[in-house]
Amino acid sequence: MKTLILTIAALLAATAAQAEERYVTDQLKVTFRAGEGTDNKILKMLTSGAPLEVLSVNQRSGWVRARAEDGTVGYILERFLDQEPSARDRLAAAQQKLAELQQAPDKLSAQLMQTQEDYQALQANHSEVQAEKERLDAELKELRQVAGDAIAIDNERKVLRARVADLIRELEGLKQENRDLSNERAQSWFMIGGGVAFGGLILGWLLPNMRFRRRKQYWNSL
1 MKTLILTIAA LLAATAAQAE ERYVTDQLKV TFRAGEGTDN KILKMLTSGA
51 PLEVLSVNQR SGWVRARAED GTVGYILERF LDQEPSARDR LAAAQQKLAE
101 LQQAPDKLSA QLMQTQEDYQ ALQANHSEVQ AEKERLDAEL KELRQVAGDA
151 IAIDNERKVL RARVADLIRE LEGLKQENRD LSNERAQSWF MIGGGVAFGG
201 LILGWLLPNM RFRRRKQYWN SL
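Residue numbering for the sequence shown follows our numbering, starting at 1 and increasing by one per position.
Derived by calculation from the structure, the hints in this document are not laboratory data. Any given hint could be a false lead.
For lysine-lysine, the following DSSO-like pairs were computed, each having C-alpha atoms within a straight-line distance of at most 27 angstroms [as the list claims (entries may be wrong)]: (1) Lys-44 / Lys-29; (2) Lys-107 / Lys-97; (3) Lys-158 / Lys-175; (4) Lys-141 / Lys-158; (5) Lys-41 / Lys-29.
Distance ranges between label pairs, derived from CB positions [unchecked claim]: (6) Arg-79 / Ala-99: 32 to 38 angstroms; (7) Ala-121 / Arg-144: 31 to 37 angstroms; (8) Leu-112 / Leu-77: 50 to 56 angstroms; (9) Met-113 / Asn-58: 56 to 62 angstroms; (10) Thr-38 / Gln-114: 57 to 63 angstroms; (11) Leu-98 / Glu-21: 20 to 26 angstroms; (12) Ser-182 / Arg-161: 30 to 36 angstroms; (13) Tyr-119 / Gln-96: 28 to 34 angstroms.
Ideal placement from N, C-alpha and C gives every residue a C-beta, glycine not left out.
When you get a sec, could you build the whole thing from the sequences and use the hints?
In structure tokens:
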């Protein structure tokens, strides 16, 4: 088991290591100085496994100019640097990775369960949306039918209004004809009455004369 962990740690470290990044070796603390040489000021003490960004390497002196995590730029001897994290850090990383791998099935199961719940929720939401769509379609169909009926009613109303207007015009025409007939009858009766009156006058004038002539002829015959 220990060999497997170390192998996994080595593989992980080999994958994660960068050519421009190195790590402090398994020493308790290493000096990080302001310049090359032990006579330069110590800027800070670096603990084992602390990462450094390598800026340049002096192959002749063996000193490395690097930048620490907090941004401090200083110098450290190259022999204190490794290409990969310390064994302690690699072991911790390997153990953490192993724990993550062991927890992976549980996480996958939880994710699968969550995915199934989300799918069921989506199905329920889809059913609700489908039902709402069907309801809206039914309302739209009803509205279209009502709108069609309203148009038909409006057309019938227009036809009835036109018919009523025609009937009103016919009625006005009949009224005018009735007035005209009434006027003609009145004129006829007026003419008849005038004729009767004129005839009566003539008769009233002729009758006395006819009686007088008859009497005169009678006396002459005696």
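Cross-check of the supplied hints:
no., hint, verdict
1, Lys-44 / Lys-29, "holds, 10 angstroms"
2, Lys-107 / Lys-97, "holds, 14 angstroms"
3, Lys-158 / Lys-175, "holds, 25 angstroms"
4, Lys-141 / Lys-158, "holds, 26 angstroms"
5, Lys-41 / Lys-29, "holds, 16 angstroms"
6, Arg-79 / Ala-99: 32 to 38 angstroms, "holds, 34 angstroms"
7, Ala-121 / Arg-144: 31 to 37 angstroms, "holds, 34 angstroms"
8, Leu-112 / Leu-77: 50 to 56 angstroms, "holds, 52 angstroms"
9, Met-113 / Asn-58: 56 to 62 angstroms, "holds, 58 angstroms"
10, Thr-38 / Gln-114: 57 to 63 angstroms, "holds, 59 angstroms"
11, Leu-98 / Glu-21: 20 to 26 angstroms, "holds, 24 angstroms"
12, Ser-182 / Arg-161: 30 to 36 angstroms, "holds, 31 angstroms"
13, Tyr-119 / Gln-96: 28 to 34 angstroms, "holds, 32 angstroms"
Figure legend: structure checked against the earlier numbered hints; every hint is met.
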